[in-house]
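Visitor: One-letter residues, chain by chain:
4 protein chains.
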Amino acid sequence: MGNNVRNASGKLGILMPGLGAVATTVIAGVASINKGLAQPIGSVSQLSRIRLGKRTEDRNPLIKDFVPLAKLEDIVFGGWDVYADNVYEAASVAKVLEQSQLDSVRDVLEGIKPMKAVFDRDFVKNLDGTHIKSESTRRELVEAVRQDIRDFKKNNDLDRIVIVWCGSTEKYMESGDAFSSLAKLEEAFDRNDQQIPPSMVYCYAALKEGVPYVNGAPNLTCDVPAIVELAHEEGVAIAGKDFKTGQTLMKTIVAPGLHARALGVEGWFSTNILGNRDGLVLDNPDNFKTKEVSKLSVLEEILNGEKNPELYGDLYHKIRINYYPPHGDNKESWDNIDIFGWLGYKMQIKINFLCRDSILAAPIVLDLALFIDLAQRADMHGVQEWLSFYLKAPQTARGLPAEHDIFKQLMKLQNTLRHIMGEDMITHLGLDYYQELIETIQ
Amino acid sequence: MGNNVRNASGKLGILMPGLGAVATTVIAGVASINKGLAQPIGSVSQLSRIRLGKRTEDRNPLIKDFVPLAKLEDIVFGGWDVYADNVYEAASVAKVLEQSQLDSVRDVLEGIKPMKAVFDRDFVKNLDGTHIKSESTRRELVEAVRQDIRDFKKNNDLDRIVIVWCGSTEKYMESGDAFSSLAKLEEAFDRNDQQIPPSMVYCYAALKEGVPYVNGAPNLTCDVPAIVELAHEEGVAIAGKDFKTGQTLMKTIVAPGLHARALGVEGWFSTNILGNRDGLVLDNPDNFKTKEVSKLSVLEEILNGEKNPELYGDLYHKIRINYYPPHGDNKESWDNIDIFGWLGYKMQIKINFLCRDSILAAPIVLDLALFIDLAQRADMHGVQEWLSFYLKAPQTARGLPAEHDIFKQLMKLQNTLRHIMGEDMITHLGLDYYQELIETIQ
Amino acid sequence: MGNNVRNASGKLGILMPGLGAVATTVIAGVASINKGLAQPIGSVSQLSRIRLGKRTEDRNPLIKDFVPLAKLEDIVFGGWDVYADNVYEAASVAKVLEQSQLDSVRDVLEGIKPMKAVFDRDFVKNLDGTHIKSESTRRELVEAVRQDIRDFKKNNDLDRIVIVWCGSTEKYMESGDAFSSLAKLEEAFDRNDQQIPPSMVYCYAALKEGVPYVNGAPNLTCDVPAIVELAHEEGVAIAGKDFKTGQTLMKTIVAPGLHARALGVEGWFSTNILGNRDGLVLDNPDNFKTKEVSKLSVLEEILNGEKNPELYGDLYHKIRINYYPPHGDNKESWDNIDIFGWLGYKMQIKINFLCRDSILAAPIVLDLALFIDLAQRADMHGVQEWLSFYLKAPQTARGLPAEHDIFKQLMKLQNTLRHIMGEDMITHLGLDYYQELIETIQ
Amino acid sequence: MGNNVRNASGKLGILMPGLGAVATTVIAGVASINKGLAQPIGSVSQLSRIRLGKRTEDRNPLIKDFVPLAKLEDIVFGGWDVYADNVYEAASVAKVLEQSQLDSVRDVLEGIKPMKAVFDRDFVKNLDGTHIKSESTRRELVEAVRQDIRDFKKNNDLDRIVIVWCGSTEKYMESGDAFSSLAKLEEAFDRNDQQIPPSMVYCYAALKEGVPYVNGAPNLTCDVPAIVELAHEEGVAIAGKDFKTGQTLMKTIVAPGLHARALGVEGWFSTNILGNRDGLVLDNPDNFKTKEVSKLSVLEEILNGEKNPELYGDLYHKIRINYYPPHGDNKESWDNIDIFGWLGYKMQIKINFLCRDSILAAPIVLDLALFIDLAQRADMHGVQEWLSFYLKAPQTARGLPAEHDIFKQLMKLQNTLRHIMGEDMITHLGLDYYQELIETIQ
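Protein chains in written order, with my numbering: chain A, 1 to 442; chain B, 1 to 442; chain C, 1 to 442; chain D, 1 to 442.
For reference, chain A alone in the conformation it holds in the complex:
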C-alpha cells in the first residue's frame, strides 16, 4: 500500500481555531526547531523510532524517515482567535515559554496575525472575545471561513491545508436530531439554528474545502453522524477528540498496567489545579461538564467493570478541576488510586504530576496535523481511529467501542504505519527466536 501514498511535496498549511497557549507554543516551537534552537521533544512523528521486522534484524528507523511526512520547514501556520494579538503578543501573555525563547523567533511570531473568529458567547461564558466575525447567520459564517481558508492557501502558495481545533471547550451538548444526518444539518443551517456550535462551523467549512479536521477539545463537533457523513461524501479525513495530556495521559498509562495484572480498583480520585485560560473556562459548570464526560469514560472502558465485576464492579471514579491562578499554565494533577490485591487486601497509589499543559499539548498538535495529512494523501477518509493515541475520547466507527489503553493505541498507530508502508505487523509472539535457539543447540 506504501506505493499509493502521495508524496508530501510543496507546503502544508496548519490552521488553528484558537491561537492561545497551545497554538502559540506549537508555532514558536516549530520556529525554534527550524532555527536549530530546540528539539521537538514529545513529538512521536519527529523523534520516535518504529521497529520493523524481527527483533534481531535491528531495523528501527525514525518514523519521519519511514513514512512520507511533511517536513517542519514546509509548514506554514495560521489561525483564528477572539483576540487580535499577534502570535508573539499572545505567547507573551500565555507565559508558557520563556520570554527569551519567544524573542529568538520574534520576527516569525509577529508575522502571524489571527483571522477574526466565529464566536458565540453562549458556548463559552467565561470569555469575552473582541475580534469576531460580523456575519449574522451560521451559513454566512461558514462561507466566511471557507473564504479564509482559500485566501490562506493562495496567499501562502500552499499545496495542502489541515485544521486542528485548539480553541476552548464549549458548553455541554448532546448529539440531537439536528446533527443526526447531513440532510438534517443542512436544514439546521438553513434555519440558522443557534444550537450549531462555532466549532462545527469551522469543521463544516473545512470539509467542504476538502481540508482534514482534527478536534482537540471535548466538543462534539465532528463526532456527530452528519459530519461523518460529510467527511465520506467529500473524501476527507477527520479525527477527534480532546488532546490527551496530563492527568488523563497518566490514567491511560497506569490503568492498563493495573488491569494487566488483574489488580482490583475500588476508587480513583483525580484532582487538578491549573491557572491558565483553559482553567478559567472550565471554572464554568457547563463547560466543565463537557470535559468531565470526556475524562470519565476512560477508566470505564479500560477496566470494564461489567466484564470484570470482581475487580472493577464497584469502581468509584471522581474528577475535579480547580482554577488556581498561582500555577498559570503549570497544571498539577494529583491522583489517589485505591487498589486491592490478593484476597482483597488494600493498597494505594498516589501520583502527583507537575506538568505543563501546553508543553504536553504542542507536540500532539504537530503530530496530529502531520499524520492526518498523511492519511489524506493515503486516501484514508472519514474517522481516523488510529490517531486515538493522542485523544482522550477517541472517535470510532459507529457502534465500535473506543480503545483507551494507550499501549493498544500505540500498537494500532504503529501497525497502521507499517500497513501503509507494506511492512509486517508486530505481534510480540517471538517463539521463533527460541525455535532457532533449540536448533542451534541441538
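In case anyone wonders, no lab produced these hints; they're calculated from the structure.
Computed from a predicted model, the values in this text were never measured in an experiment.
Misleading hints may appear alongside valid ones.
Note: identical chains are not told apart, hence a pair may lie in one copy or across any two.
To be verified - The list that follows gives simulated cross-link-like pairs (lysine-lysine, DSS-like), each with its CA atoms no further than 30 Å apart:
(1) Lys71 x Lys125
(2) Lys350 x Lys289
(3) Lys64 x Lys289
(4) Lys35 x Lys71
(5) Lys346 x Lys71
(6) Lys208 x Lys133
(7) Lys346 x Lys408
Place chains B, C and D on chain A using the hints.
Guide: Relative to chain A, chains B, C and D alone:
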C-alpha cells in the same frame, strides 16, 4: 498446536524453597479461595480475560477457561525453609494476612511443615538459619533435595511438580567459568566448589528430576549457560528472574508510557522503605547489589538512551532500598521522575505507592507455577521468555535483549496462549472495521 | 488562684448532641481505656506534660496530675441522635474502630441509648432523621432538652454535666438581628422563629441549666452576642467552634512555621477526600459554606497579608472537600503550598495526610469536656479563649482577633493552667542560664 | 537594657569561609536588594514584625526598626575559597540564581575575589581545592587568617567584622582531649596537631581578633570547651551550628505540632535528593556522618521518648541524603511520618518539599550576621543560644539541653530582642482581655 497440550489431570505439587512471607501468603490464599472465603485478585490466570478474534466478535473468555491449567483445588503445597515453623506459625510471624484470615484455614496451614533447607550463610549474611540439611558437599545436598522431591511426589500422590524459588536474595555473583557449560558445572560439583549458591543446588536437583523451575529472586541460578543446557538436555521448562512487584512494576508501566509519547527523561530517583525479612536481608550491601543490578536494567532497556540520545541519553537512574521496621511487609515506594517535553521544558512526576510486598507477589507465584506447568505439558522446554511479564530481569535466549515493557510482555504472554491454542494473533490494526463501515455507507 | 478551684469530686456527665462517628469513638475509647485495653493517645489532658519553673528544675508533671480534672472513671456518657441506634450499633456502622475493639466493651456501649434529637431538615439537607422530638415550637424543644439534662443528672447521680456538640454542620447563616442580644433572642423564641438552629436550642437549654457548652462544629450557635450574654448572666463557661483536626490542624502547624521564617506564600490549595456521614453532609453546598468560612480564616489571621504585604499580600487560598465513599472515615487531605524565598524564588511544599477523622477528633472532645469542667469549677465564665488550641474558628472576646497559630494557642493553654495553679509564666527568654554560666567561668 | 547597646554606625564586614552556592547567593541578593531589584524574603531581621505590649495596643514594628541593626547598604562582603573564581563566576557555576539576575549586579560580584583558603583534603575528601594557603603549620595558618581579617578591615574602612562559616561539612570528629580546654588547644597548636580542623583555624583566628563567629555547618568548630573559653576570655559572641533549612526546618515545624497534640510517632523516614556541591561532599560517608548526627538529635529532643514513652518510646528515625545531579541546587525532601492517635490507631503524613537549598540558607546567613553583630554591641559574649532559631544543632551552655522546637526558639529570639530593648515579655496568657470584657458587660 492446542491439541498437543497434555491435559492437567491429577494433582500438581508446588514446592517453594523459602516458606516466608510470600510463600505462606500464597498457600493461605489458595486455601481461603478453595474454601470460598476470598478471591484470587491479582492472578491473571484466574481472573483475566483474553480477547479472541475481532473486537466485534466479543469473545473474551477467562484465561483459565481458555487454556488447560491445573485447578486450584488440585494443588498441593510444600517447601523448604531455614526455620522449622509450620506454615501457620510462619504466616503469623510474617503478619501479612490478618490473623483471623489465617485462623480460618489454620488446619491446612499447620499441616504444611518445611523440609530442611540447603543453607550457606556466606550467601545471606543477615539471616541465621536453624533448620538446615546436614549433608557436607554440594553434590550430597543435590541428592538430598532430589530425594525430597521424589518423597513429596509419592507421599502426596502427585501427577506433576513445579518449583518456584521464594527464598532470599543471595549475595552478588557473576556468571564465571564454572557455570559456562554443563560439563564445567559437573566438575564444580565434583570438587565441591563453594561458589555454587544454594539456589543452584535446588535448581539442578529439580531439572534432574524433570521438574520445571521458576526463579523469583534476582539470584543468577538458572540464568547461567550450564543450567540452560541442562534444561534442554532434560527437556524441562525454566523461567526467571525476580518477581516484578511494587516499584519495578510501576516503573515498567510508566516508563513505556513516557517512551510512547517521546517524552524525555533526565532523572529517575526511586526509594523504598520496607520492614520485612526481605528488607533485613537487603540491608546487607552484598545482597542489595544483586537486587540493584536486577532493578537498574529495566529503564535502560525500555528507554534505550543509545537509540534515543535526545530523549534518554543523559538519564540518571538511582535506586535505594531502606530497611524501615515500622512498615513491616507494607512496602512503600516513592519515585521522582524528572521528565522534559516540547523544546526541553521540564516537568516532574512523583509516584508514591503504598503497597504490600507479599500481596503483590503471591498471585505471581501462583500464575508462574500454573503457566510453567502448562509449558511443560505443551513440550516447551528451556527458557520461557513469554513469562517475562512477571519478572524484573527476564531471562531470554542468549544474545536476545530482554523486553521490559510490561505491555509488550503482556502481548507476548497473550499471543503465546493464543498460539498454543491455535487462535489468531492480535495486532490492533483494525482497519477492517472501517473498510466494512465504508462499504456500509456507500 | 489554684486554691480557688473546686475539686473534681463526684461524677461528671458528658452529653453529646450527635452520637455518630466522633461521639461513639470517644465513648468506646474511654471505656477501653478504663478497662486497661488502650491508651488515650492524642489527649493532652491525659498524656502531655507541662513544664514548670526553669528548664534546669526538671519539673514536668502530667497535666492531669497538675490540675484537678475529673477522672476518666468518673465520666458518664450520654447524648441525643436522630437515629435510635445504641452506641454499639452506631459505632459498628461508623466503622472507625475495629469490630473486635467494640466487642470488648460491648456491654458498656449497648447500655447507652440516644435521647430523641432536636432536628430540622432545613438545616441539614442530606440527612433524614427518624428519632426526633415531637415538640412543635423551639421554646417547647428547649424545655424538653432541659428536662433531658435534669433527668440524666438525676438518674446517673451526677455531680456536674458538660455538653459537647458532636453533631453535623448546619447550613450557613450569619448572625442576624434576632441573635444580637439576649432580649432579641427571647423574642425570637416567643415567636417560634424558624431561623433558630437546632444547635442553639441545645446551647440555650444547657446554659439555662448552668451546664457549660462546647461547640465542635462550625455552626454559629454560641458565637452570637445573645448566647455570650446568657453565659455571663448564668455564670457558665462556653467555648467554640469547630474541632481542629486533619488538614486545618496541619495548616495551623505549618503556616506559623513559614511565617516564623518570613517565607512568602503565594498560593495554598487544600483538597480533602472523605467518605463518612460528615462528607455526605458537606456534599451539600449550603453546609459546605459554613465549613469553608470556618476553614478559610485560619491562614488570613496567621499570615496577615495586610501587615506583611510583600510576603502574603497576594495569597490565593482555596479549599475543596470531596465526598469519596471508598475512604470511609479515613479522611485524606492533600495540600499544595506555593512559597517563595530569598529574592522571590519559588518553592513548593506538598503535604499528604492520611488521617482518620474521628480518631483525631475523639481526644479533643475528651479534653474540651474536662477543661471546660475545670474552667467552670474555677469560676471562669463566658468565652474560654484558652481552649482555642482545639478549635478551627476560635471564639474570642468581641473585637479581639482570634489567634490561630497552634503554638501560641498551646502557650496560652499552658500558661492559663499555670496561672490557675499559681505557677510562673514561661517566656523562653532564658538569659539567666547564661548569666550563671558566666559567673561560674569567671 | 536597650540603652546599653552601642549603635550600628560605620560599615560592617561579613567574611565567609566558603564562597560557594550559599555565600554567593547572599552576596548577589544583598546587592540586588540594595539596587531595589529584589526583596529580602526569608530574612526575619528585614521583613518580620515583632509584637510589643498587648494585642490590643497594635504595636508591631519591623524588627529592623525596633533594634539597632547594621543597614544592608553598610555591609561589605568578603571571604575565602578553595577555588579562585570571583563571586560572579562562582555564582554562575552554582546556578542558584538566574543568570540575568547575576548580570544585573555583575560589577559588584566581580569585585569580590576570594582570599586563599585554609584547606586539608583529609577533612573533605570529595573536593580538590586549588586556591590554598601555603603556610605549613596550623599556627602559621592562624596568623595568616588574622592578617587577612586585619587587611580586610583596613582596606574597606570597616567599623566591625563578623565571620559566618559557609564552607563544607568536614569529616566526623568527636570533641577529644585536645579541645577540652584553651590550654590544651594551645598545646595542640604548638605541636601542629593535624586533628585541628581547618574550620577551627578560622574560628580561633576570628576570636583572637575580637570578631564574632557563626558556624553554619555541622562541624564541631566552636562547639568545644576550648573555643567557648576563648570566646569568654576575648569577650566575643559565638553561635552554631548548622543552618536549619529544608527538611530539618520542616521537621522542627511539624514535630512540635504533633507533640503539642500528644499524637504518637512510631517512625519518621526522611530522604533527600540534591545535586549541588554540598550533595557531592555528603556522598562521602565520613562527611555524611557529621551531618547525620546533627540532623538526628532534633526529633529526640522535641519528642523526648524518655519522658513520653507511650507516645515516642519506640520512635524509629532514619535519614538519608542522596546525591542526584539532575536536581542541582533544587533540593527535594520527602518525609514519611507514621503517627498514631486515639487508642493507638495509625495514620501517615507525607511531606514533599521542593525547596532550593541556597535560597533558604541565604537569609539565614544575613540574619545571623546582623544579630551576632547586635549581640556583640550589646556586650553579650559567649554562646548565643537565642540564635538557635536558625540552627539545626544549637549550641547551648554546657549541660543545658538544646531546644529544637522552632516556635520556642522563635519566642526565645523575640523575647531576647524585647529584653535587649527593655520591653515586656509576651506570655500569650491574655486573661486580662476577658477581665476587661466582663467589667464592660457588668
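Visitor: Would you pick out the hints that fail for this structure and give their numbers low to high?
Guide: 1, 3
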